[in-house]
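Participant: These protein sequence lines are chains A and B, in that order.
Here the numbering used here is used: the first residue of the first sequence is 1, the next is one more, and so on.
Here the numbering used here is used: the first residue of the second sequence is 1, the next is one more, and so on.
Where hints are given, some of them may not hold.
[Claimed, not checked] The calculated lysine-lysine pairs, modelled on BS3-like cross-linking and capped at a C-alpha distance of 30 Å, are:
#	chain 1	residue 1	chain 2	residue 2
1	A	Lys-435	A	Lys-422
2	B	Lys-434	B	Lys-158
3	A	Lys-435	A	Lys-289
4	A	Lys-443	A	Lys-152
5	B	Lys-105	B	Lys-493
6	A	Lys-92	A	Lys-159
7	B	Lys-434	A	Lys-422
8	B	Lys-447	A	Lys-422
9	B	Lys-111	B	Lys-165
10	B	Lys-200	A	Lys-92
11	A	Lys-428	B	Lys-434
12	A	Lys-289	B	Lys-158
13	A	Lys-289	B	Lys-25
14	B	Lys-493	A	Lys-435
15	B	Lys-447	B	Lys-434
16	B	Lys-25	B	Lys-105
17	A	Lys-435	B	Lys-111
18	B	Lys-447	A	Lys-428
19	B	Lys-434	A	Lys-435
[Unchecked claim] Label pairs and their calculated CB-CB ranges:
#	chain 1	residue 1	chain 2	residue 2	range
20	B	Phe-47	A	Asn-290	30 to 40 Å
21	B	Pro-486	A	Leu-51	35 to 45 Å
22	B	Ile-280	A	Phe-173	28 to 38 Å
23	A	Val-468	B	Asp-66	18 to 28 Å
24	A	Thr-440	B	Arg-24	30 to 40 Å
Hints listed in this document are in silico derivations from the structure and should not be mistaken for laboratory results.
Note that CB positions come from ideal geometry on N, CA and C, so glycine has one too.
In case you want the letters, here they are:
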Amino acid sequence: MDYSSFLQMNEELSLLAVMVILLVYDIFGSEKSLRYFQPVALVLFTAHTLLNCIPRDAFEVAGGMYHYVPMMTYVKTILNVGTLIVFLQAHKFLNDDANRIRRGEFYFLTLSTLLGMYFMISSGNFLLFFIGLETASIPMTTLVAFDKHNRKSAEAAAKYILSAVFASAISLFGMSLIYGTTGTLYFNDLAVLLTGSPLQTMAFVFFSVGLFFKISLVPFHLWTPDVYEGAPTNITSYLSVISKGSAVFVLFTLLVKVFPNMVAQWQPVLYGIAIASITVANVFAIRQKNLKRFLAFSSISQAGYILLAIISGTALGMTSLVYYVLVYMFSNLAAFGVVSVIEHRTGKVGMDDYNGLYQTNPRLSVVMMIALFSLAGIPPFAGFFSKFFVFAAAADQGFYVLVFIALLNTIISLYYYLLVVKAMFINKSENPIEKLTTDTPAKISLVLCTLGILLVGLISTIYNQIAVFSFGI
Amino acid sequence: MNILSLFVLIPVLMMIGLYFSNTRKQIQTVTASGSTLLLILSGVITFMYLTQRAAGDLSEMLLVADTVWYAPFNIHYSVGVDGISIAMLLLSSVIVFTGVFASWKIDPLPKEYFLWYCMLSIGVYGFFISTDLFTMFMFYEIALIPMYLLIGVWGTGKKEYAAMKLTLMLMGGSALLLVGILGIYYTSGATSMNVLEISKMSIPLSAQYFFFPLTFMGFGVLGALFPFHTWSPDGHASAPTAVSMLHAGVLMKLGGYGCFRVAIYLMPEAAHDLSWIFLILTSCSVVYGAFSAVVQTDLKYINAYSSVSHCGLVLFAILMLNETAMTGAVLQMLSHGLMTALFFALIGMIYGRTHTRLITEMGGLMKVLPFLGVSYVIAGLASLGLPSLSGFVAEMTIFIGAFQHTDLFHRILTITATTSIVITAVYILRMIGKIFYGKVLNSEHLKLTDATWYERVSVVTLIVVIFAIGSAPFWISSMIHESVIPVISQLPK
Chain A
1 MDYSSFLQMN EELSLLAVMV ILLVYDIFGS EKSLRYFQPV ALVLFTAHTL
51 LNCIPRDAFE VAGGMYHYVP MMTYVKTILN VGTLIVFLQA HKFLNDDANR
101 IRRGEFYFLT LSTLLGMYFM ISSGNFLLFF IGLETASIPM TTLVAFDKHN
151 RKSAEAAAKY ILSAVFASAI SLFGMSLIYG TTGTLYFNDL AVLLTGSPLQ
201 TMAFVFFSVG LFFKISLVPF HLWTPDVYEG APTNITSYLS VISKGSAVFV
251 LFTLLVKVFP NMVAQWQPVL YGIAIASITV ANVFAIRQKN LKRFLAFSSI
301 SQAGYILLAI ISGTALGMTS LVYYVLVYMF SNLAAFGVVS VIEHRTGKVG
351 MDDYNGLYQT NPRLSVVMMI ALFSLAGIPP FAGFFSKFFV FAAAADQGFY
401 VLVFIALLNT IISLYYYLLV VKAMFINKSE NPIEKLTTDT PAKISLVLCT
451 LGILLVGLIS TIYNQIAVFS FGI
Chain B
1 MNILSLFVLI PVLMMIGLYF SNTRKQIQTV TASGSTLLLI LSGVITFMYL
51 TQRAAGDLSE MLLVADTVWY APFNIHYSVG VDGISIAMLL LSSVIVFTGV
101 FASWKIDPLP KEYFLWYCML SIGVYGFFIS TDLFTMFMFY EIALIPMYLL
151 IGVWGTGKKE YAAMKLTLML MGGSALLLVG ILGIYYTSGA TSMNVLEISK
201 MSIPLSAQYF FFPLTFMGFG VLGALFPFHT WSPDGHASAP TAVSMLHAGV
251 LMKLGGYGCF RVAIYLMPEA AHDLSWIFLI LTSCSVVYGA FSAVVQTDLK
301 YINAYSSVSH CGLVLFAILM LNETAMTGAV LQMLSHGLMT ALFFALIGMI
351 YGRTHTRLIT EMGGLMKVLP FLGVSYVIAG LASLGLPSLS GFVAEMTIFI
401 GAFQHTDLFH RILTITATTS IVITAVYILR MIGKIFYGKV LNSEHLKLTD
451 ATWYERVSVV TLIVVIFAIG SAPFWISSMI HESVIPVISQ LPK
């Protein structure tokens, strides 16, 4: 066997290298040298991000087991940038006395899940896809349980692993049915063989559960609020952005690459799930008092909006999806960044605790407001553009009713985003959160997110770049 | 760079300037100079427009510029003006200018207040200069969201409720609008979202029947179309003075302008066939708004309901679909914008002194506040349509245009709408009589002082413009008239 072709998998190999270096450093580094652990990790990871941000030509490895198209570089770069921002936000959290000795694990586990997502994105075969999915899920559980003295964290981890395993099992069952009806697991061969027979439809439905679970779409979303609430905030933001972002991209590519002949079967499924996700999540979000749970429901509804891009199945939809994930990443990480700073310093996550925040912490409130406006789709912030493009991609295919329902939901979502803005800017409080100092890494991360939210929309270069490599049915 | 883009750029620069200013003095300098610049700029633009027209340039839009923005969606940043947008830009500049002086001593957080105020004006100006559907929609939404915080933080009364209601209802309108815009673009088969280009395409009739009501209602919500007007009284009553001015004076015109420019211009057949539904609704606005104003006792509520009535008249006139009435509609937008801004400015000044807005608690103020009193009377007379003031010109043109329809349906609605003139006289005269004449009800009121210099700047500017339009309306109405013709020529005979 020719192993040299493995060297083409640049992204995976360099990420693996970063992981191994960090692991060795963490195990063998002296007490004194470990002071530099976090800066080294950040530098290595930034180098990895920069090295792999230039698209190459498409290729396949191992007979189509692994395949690469230029678009994947963009997606992986978005994931890298998101992970980098999460690392910056977690910097202070990992310097706590309780977490200091475990920070090597934090980086190693996070990067393992990232590696899993890489393989999931680049897989050309259901086997590799499944390995990727599992590599992304299992270390995630340990991360959710990272706060080991906190009962909620442990409970969240238990919930996560049980639901994740269950979803994977159903998904695996779907794959076995696919193999049973076609005799192959390679994506390239499946496109022709999957014609939408009843058994294959069933296979699709079972298979897609695994991804729907990862994207946390209704009705596979029940784990989301509890896990988001229990996990350490930085893990929550990782879960809500990176894990979700990779899964939606994979869902889109699978639908257009593997199931192109089953459009009539998967479109109604997505149609229903999109409406259910957006509506249910919005209705539940209104009642939330805990900001982490609130953002959990908000992220479920955001995932529903992404489905509008997927359902179009066009190149336009592809571009809009990747763009949406990018904008969503900046907006959500900014919101979670503020929540994590405040939670880490004061332990407060209730919406009422945020009353009068603008009086004491104007900068944090403004960042939070920009993030929420972007999530709500208010111009001139990038969220407006990403929402518009997603709607336009769906309208392009004639889904006007779906667009209309989604738009009505944006009004509900605007209501609950405004509730947080109202708490920070309008409500008065007897004892507001005191003036906080934000550590430099977190500050950098918030500035990055804010710049992203402001510039990605107004400057069209990024969207046009993504559009160059989009493909459709 | 195109000169029209300055309308967006100057407020952006003002925002940057505000970010770095710390004292009230600096804030006032930045906002006053910025808004004066905008006023001068709109004068220059008007002059450029008129000279180009006089030189024989007959193209629909002048001073056009076009840059590709998002190529995959054919979204362009394209700007251009015709007579109607010129009128609207003049109106916006006057009101932004006077609004700055009306909120000269705003408290608390003057810096944040003006930051939002500038953002609001970016939206307003951007909307009027855009000729691309996407850019138009974007500026429309930019203009909406600052309202929430402006009312929520600096408002009075049940401000949180009013702010939320206003924002959600207007955003609801924009949701309808977005479906309409996407539908127009994709069914027309045009290769760009430019209004001028889409107007040359023909949208299939079945699609028009679906998207015209969505678009018209979407803009109609902002134009206080009955029954979607309920945000307006609460919103205007709770908003701080300058925000009420800008909102009633300019923002509500976005609705009328959008109905005209997007809904009717791009979907003329549907407009012709479906106008009757909306005509009924708008005549409801006209009469219902006027009657509601009669029973209110809060000055701001009176003026807010009066705005519903007057803005209803704008939409009513647009739906008459003939040259005279449409010209009248634009004149009415101008006239109503100016006089309602004057009203809100004066109400704000009176409230700042008496700390009440209830007409039952005031009386005889003319003796104490002669300047404010006389100005208030002038505003009132403009509102009820006294000749030589702007209101007369506008309403006259509208009703002459409306009477050109000879069928029974239009006649009945026209006569119904005309009654609003009488009802307007009732509530205006009642209000003026109660608060300015008769005995002083509260001895505290005898100690009040009349307008300060910055208040006078704002009031005098508005009065001068109202007089100017009222006594010399022809240059402006002919400018509007020639820009109405392209829209009329699209309509089926």
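Participant: For each hint, tell me whether it holds in the structure or not.
Facilitator: Hints and how they fare:
1. Between A/Lys-435 and A/Lys-422 the CA atoms are separated by roughly 19 Å; this keeps the pair inside 30 Å, and the hint holds.
2. With a C-alpha separation of about 25 Å, the suggested pairing of B/Lys-434 with B/Lys-158 holds against the 30 Å cut-off.
3. Simply put, A/Lys-435 and A/Lys-289 have alpha-carbon atoms about 22 Å apart, close enough for the 30 Å limit, and the pair holds.
4. Between A/Lys-443 and A/Lys-152, the direct Cα distance comes to roughly 28 Å. Compliance with the 30 Å bound is thereby established for this hinted pair.
5. Restraint check for B/Lys-105 and B/Lys-493: the C-alpha separation of about 54 Å exceeds 30 Å, so the hint is violated.
6. For the proposed pair A/Lys-92 and A/Lys-159, the alpha carbon gap of about 27 Å is at most 30 Å, so the pair holds.
7. At roughly 38 Å between alpha-carbon atoms, B/Lys-434 and A/Lys-422 are farther apart than 30 Å, so this suggested pair is violated.
8. Only pairs whose Cα atoms come within 30 Å are accepted, and B/Lys-447 paired with A/Lys-422 is rejected, the gap being roughly 38 Å.
9. Distance hint between B/Lys-111 and B/Lys-165 is fulfilled; the C-alpha atoms sit about 25 Å from each other, no more than 30 Å.
10. The hinted pair formed by B/Lys-200 and A/Lys-92 fails the criterion: a straight-line CA distance of about 60 Å is larger than 30 Å.
11. For the hint linking A/Lys-428 to B/Lys-434, the alpha-carbon distance of about 37 Å lies beyond 30 Å, and the restraint is violated.
12. Restraint check for A/Lys-289 and B/Lys-158: the C-alpha separation of about 23 Å stays at or below 30 Å, so the hint holds.
13. At most 30 Å may separate the alpha-carbon atoms for a hinted pair to count; A/Lys-289 and B/Lys-25 exceed this at roughly 41 Å.
14. Distance check on the hinted pair: B/Lys-493 and A/Lys-435 sit about 68 Å apart at the alpha-carbon level, beyond 30 Å; violated.
15. Distance restraint check for B/Lys-447 and B/Lys-434: the Cα-Cα separation of roughly 19 Å lies within the 30 Å cut-off, and the hinted pair is therefore satisfied.
16. Annotation: proposed proximity of B/Lys-25 to B/Lys-105 holds, straight-line Cα distance about 10 Å (limit 30 Å).
17. With a C-alpha separation of about 21 Å, the suggested pair A/Lys-435 and B/Lys-111 falls inside the 30 Å cut-off, and the hint holds.
18. Between B/Lys-447 and A/Lys-428 the CA atoms are separated by roughly 34 Å; this puts the pair beyond 30 Å, and the hint is violated.
19. For the proposed pair B/Lys-434 and A/Lys-435, the alpha carbon gap of about 51 Å is over 30 Å, so the pair is violated.
20. The hint said 30 to 40 Å for the Cβ distance between B/Phe-47 and A/Asn-290, and at roughly 59 Å that hint is violated.
21. Between B/Pro-486 and A/Leu-51 the beta carbon distance is about 57 Å. The supplied range of 35 to 45 Å is therefore violated.
22. The supplied range of 28 to 38 Å is broken by B/Ile-280 and A/Phe-173, whose beta-carbon atoms lie about 59 Å from each other.
23. A hinted range of 18 to 28 Å for the beta carbons of A/Val-468 and B/Asp-66 is consistent with their spacing of about 23 Å.
24. The hinted range of 30 to 40 Å is satisfied by A/Thr-440 and B/Arg-24, whose Cβ atoms lie roughly 33 Å apart.
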